[in-house]
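Please construct the entire structure, taking both the sequences and the accompanying hints into account.
Numbering-wise, the UniProt record's numbering puts 355 at position 355 of the sequence shown, and it's gapless, one number per residue.
Treat the hints as calculated values from the structure; they're not laboratory data.
Keep in mind it's a predicted model, so treat the numbers as computed, not measured.
Watch out, some of these pointers could steer you wrong.
The calculated BS3-like cross-link candidates involving lysine-lysine, where the alpha carbons are at most 25 Å apart (straight line), are [claimed, not checked]:
#, residue 1, residue 2
1, 127, 505
2, 251, 297
3, 595, 127
4, 762, 727
5, 131, 490
6, 784, 773
7, 473, 60
8, 676, 661
9, 473, 624
10, 127, 260
Computed beta-carbon distance windows for the label pairs [as the list claims (entries may be wrong)]:
#, residue 1, residue 2, range
11, 753, 691, 32 to 40 Å
12, 557, 761, 22 to 30 Å
13, 188, 761, 42 to 50 Å
14, 433, 770, 52 to 60 Å
15, 592, 742, 17 to 25 Å
Virtual Cβ for every residue (Gly too), placed ideally from N, Cα, C.
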Amino acid sequence: MSKNPELELALQFIDKTDRNLFITGKAGTGKTTFLHQIKKESLKRMVIVAPTGVAAINAKGVTIHSFFQMPFGPILPNQIENTNQQRKFSKTKIDIIKSLDLIIIDEISMVRADLLDGIDQVMRRYKNRNKVFGGAQVLMIGDLQQLAPVVRPNEWSLLQQHYNTVYFFSSKAYQEADVVSIELKHIYRQKNEDFITILNEIRTDTLSEKSAEILNRNYDPTFSPTKDDGYITLTTHNNRANLINSSELNKLNTKSYFFKADVSGKFNDNAFPNDEKLELKMGAQVMFIKNDSSPDKRYYNGKIGIITDISLQNVTVQCPNEIDEIVTERETWDNVNYSINDETKEIKEDVIGSFSQIPLRLAWAITIHKSQGLTFEKAIIDAEASFAHGQTYVALSRCTSLEGLVLKTPITSSAIINDRTVSVFNESVEENHPDERVLNESEKHFQLNLISELFDYQPFLYPISRLIDIFYKNHTSIKGDVIDHLQTIKDDGVVALMKVSNGFKNQLAQICEDNILPENSSQVQERFTKAVDYFVTQTKGNILKPLNAIQFSTDNKTVKNDFTKQFDSLQEKLLEKLFALQKINNGFKVQDYLKVRANAVLQKSSPTKKKTVASKRDPILALKLRELRDEISKDLGIPHFQIFTQETLYAMCDELPRTEKALLATVGMGKTRVTKYGEQILEAIEDYCKKNGINKLNEQKKEDKKPTKQITFELFKSGLSIKDIAKERSLTSGTVESHLASYIPSGDIDILELIDIEKYKKMVNAIEDTEFKSLTDLKEKVDKSFSFMELRMVLLSMEN
Numbered sequence: 001m002s003k004n005p006e007l008e009l010a011l012q013f014i015d016k017t018d019r020n021l022f023i024t025g026k027a028g029t030g031k032t033t034f035l036h037q038i039k040k041e042s043l044k045r046m047v048i049v050a051p052t053g054v055a056a057i058n059a060k061g062v063t064i065h066s067f068f069q070m071p072f073g074p075i076l077p078n079q080i081e082n083t084n085q086q087r088k089f090s091k092t093k094i095d096i097i098k099s100l101d102l103i104i105i106d107e108i109s110m111v112r113a114d115l116l117d118g119i120d121q122v123m124r125r126y127k128n129r130n131k132v133f134g135g136a137q138v139l140m141i142g143d144l145q146q147l148a149p150v151v152r153p154n155e156w157s158l159l160q161q162h163y164n165t166v167y168f169f170s171s172k173a174y175q176e177a178d179v180v181s182i183e184l185k186h187i188y189r190q191k192n193e194d195f196i197t198i199l200n201e202i203r204t205d206t207l208s209e210k211s212a213e214i215l216n217r218n219y220d221p222t223f224s225p226t227k228d229d230g231y232i233t234l235t236t237h238n239n240r241a242n243l244i245n246s247s248e249l250n251k252l253n254t255k256s257y258f259f260k261a262d263v264s265g266k267f268n269d270n271a272f273p274n275d276e277k278l279e280l281k282m283g284a285q286v287m288f289i290k291n292d293s294s295p296d297k298r299y300y301n302g303k304i305g306i307i308t309d310i311s312l313q314n315v316t317v318q319c320p321n322e323i324d325e326i327v328t329e330r331e332t333w334d335n336v337n338y339s340i341n342d343e344t345k346e347i348k349e350d351v352i353g354s355f356s357q358i359p360l361r362l363a364w365a366i367t368i369h370k371s372q373g374l375t376f377e378k379a380i381i382d383a384e385a386s387f388a389h390g391q392t393y394v395a396l397s398r399c400t401s402l403e404g405l406v407l408k409t410p411i412t413s414s415a416i417i418n419d420r421t422v423s424v425f426n427e428s429v430e431e432n433h434p435d436e437r438v439l440n441e442s443e444k445h446f447q448l449n450l451i452s453e454l455f456d457y458q459p460f461l462y463p464i465s466r467l468i469d470i471f472y473k474n475h476t477s478i479k480g481d482v483i484d485h486l487q488t489i490k491d492d493g494v495v496a497l498m499k500v501s502n503g504f505k506n507q508l509a510q511i512c513e514d515n516i517l518p519e520n521s522s523q524v525q526e527r528f529t530k531a532v533d534y535f536v537t538q539t540k541g542n543i544l545k546p547l548n549a550i551q552f553s554t555d556n557k558t559v560k561n562d563f564t565k566q567f568d569s570l571q572e573k574l575l576e577k578l579f580a581l582q583k584i585n586n587g588f589k590v591q592d593y594l595k596v597r598a599n600a601v602l603q604k605s606s607p608t609k610k611k612t613v614a615s616k617r618d619p620i621l622a623l624k625l626r627e628l629r630d631e632i633s634k635d636l637g638i639p640h641f642q643i644f645t646q647e648t649l650y651a652m653c654d655e656l657p658r659t660e661k662a663l664l665a666t667v668g669m670g671k672t673r674v675t676k677y678g679e680q681i682l683e684a685i686e687d688y689c690k691k692n693g694i695n696k697l698n699e700q701k702k703e704d705k706k707p708t709k710q711i712t713f714e715l716f717k718s719g720l721s722i723k724d725i726a727k728e729r730s731l732t733s734g735t736v737e738s739h740l741a742s743y744i745p746s747g748d749i750d751i752l753e754l755i756d757i758e759k760y761k762k763m764v765n766a767i768e769d770t771e772f773k774s775l776t777d778l779k780e781k782v783d784k785s786f787s788f789m790e791l792r793m794v795l796l797s798m799e800n
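Spelled out as structure tokens, the structure:
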């Protein structure tokens, strides 16, 4: 593969850039080999997905539907964003998605436009909503002149309102993705120039009379191969292939042997790579359906032979023109799932299921669909039914030579059904093939994009804006010290840093105008290091500090959930940003940054604690006083602080002055201010007190006696340990734990405030692996070190 310039260029685009890629090529140009080479050599964090179970198993990946948890049927724009599908994603799956550098989609020709847009929706939701595919690089591999996507008429009636064609290149995501297309040119499968020319003409629907005449010399409707010839029939329909195989098998007078597959773990029936119950006979023509896993490499996927011996454990096969027979034993296909290694933080493949079976199937006939990716030395093309798009090309291109090809029906232009839309798209791919200059420019932009990403605060804007919006829409039900800190975060933190970041991005672009790579530029490195120091300081001062100061409580469960969700999202983004900035302070290197970026997502060991405390400062009054200050400011044309400062506003909310004397005693309110604005201020406070039943002594209605567990809760939130609370209240530690446990389902207390993260993980795993009828039953079946109360707490947290 080393002398293939297109393949080398494609590898460099993967290694050195973040450009989205479409890798295509005629049949036999090494697309599958290319995929496995990337998997083996690339340092990027990746997953491999494919549209069908069999394609996923062959690519050693997972199906698109299972990894991205897609609904079956049409996927409409924003459908995934507007559903509660997020609940289906585990924390591990979300972490994998957020830390991905590269998504490889094999057999892209069979991926519908709406499915590719569905992938985009998921990636935006969990990685970066502002970038196509969430900012991950996407590599699409396939040949559009081969098998097309499947779409039913009722599905297309919905989809055609949004897409021009069913093909992946009609998707909104593809059109936004600025895809680089590379066609692999070197053909490994066929050597005969006449045959290669014929295949190219069929591929482009330009079959010449000369080529048709050469091809149809192989037309022989009466051809009947002998037992040892090794021909396989390629047909359009599954029932036709099964009929031929069954008929030929029944002609053999030898004994039937049945091999039952060993299936373990999770392995979907429709992804089985072979029959679960395989019937074989001596003398049967068979095909290997897997590459030999032994070092000898005696067979490959698609190799044909005759069974010469069968035992309980193995099957012996004799292949044409070979002296040695092949003793074939069971091979295993793995069904993989992706997870994250706790120690290395690398994405790892977990085998969640396996299918073990003799790697042979009857091979007198096979469907063209199932033949995709296979290679045959001798084949009979049985085209009794009309071909669908690409099937003529797929069928003929399975063969290594014209000499090994037999046609049951002549090939005419009517048998070549090509979609003109595909042809036009393929022509554009050929016309826009990238060169070294595009690669170098893309490499420079990749590095600039990574630096820009590090200093990008755009992702903070959505959660902070949502928090402010939630507060103003629900200010009557939210209590606590909230809105001023949120405004500080947005104005002085996020928006201010977005402006600085944009300016810095433009500076670096100017420095690198002469194709200097940022990681090789001393000027860029110097500015980068200074920028990291600046952004760390500003982020801590104007985002982290005010965020930590926010305290809120509400009795409205919906508001609490909405607010907490965005609060947690903002806090999570902040932790990731600070982690990345502080770990990359010695200069910029691509590989170092990619590793830091992934670890920034994975470094969080536990959910952050929610700030939910009651405060006597009511945001309703603060809002009224701010509105009053705004009105006076506009009327008199003076700044806000000349009327009263933020500190004074807080003091008025806390002390509720009801007289001029009390207002004079309030911090920041001198005689001049009271004279000018006091009457309006006192009127606003008086109106608030009347509406809230606060008496003339500025005291709120006497609160009901607090429940005992609430007292325990408030002491715990003030910082006292369980032991301290027990001593303070003359209670047992068990009683205190019971009080606190009751606050776990509501989220007021996080389980990880009570139980160490490592122990919590062990307990969750133990509970999930254990069948039990009661807490007592569970206690008897798990580790003795887990107490009753700990188990109860964990169970409560799992219900949350």
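Q: Run the structure past the numbered hints and jot down the numbers of the failing ones, going up.
A: Hints 2, 4, 7, 10, 15 are the ones this structure does not satisfy, whereas the remaining hints hold.
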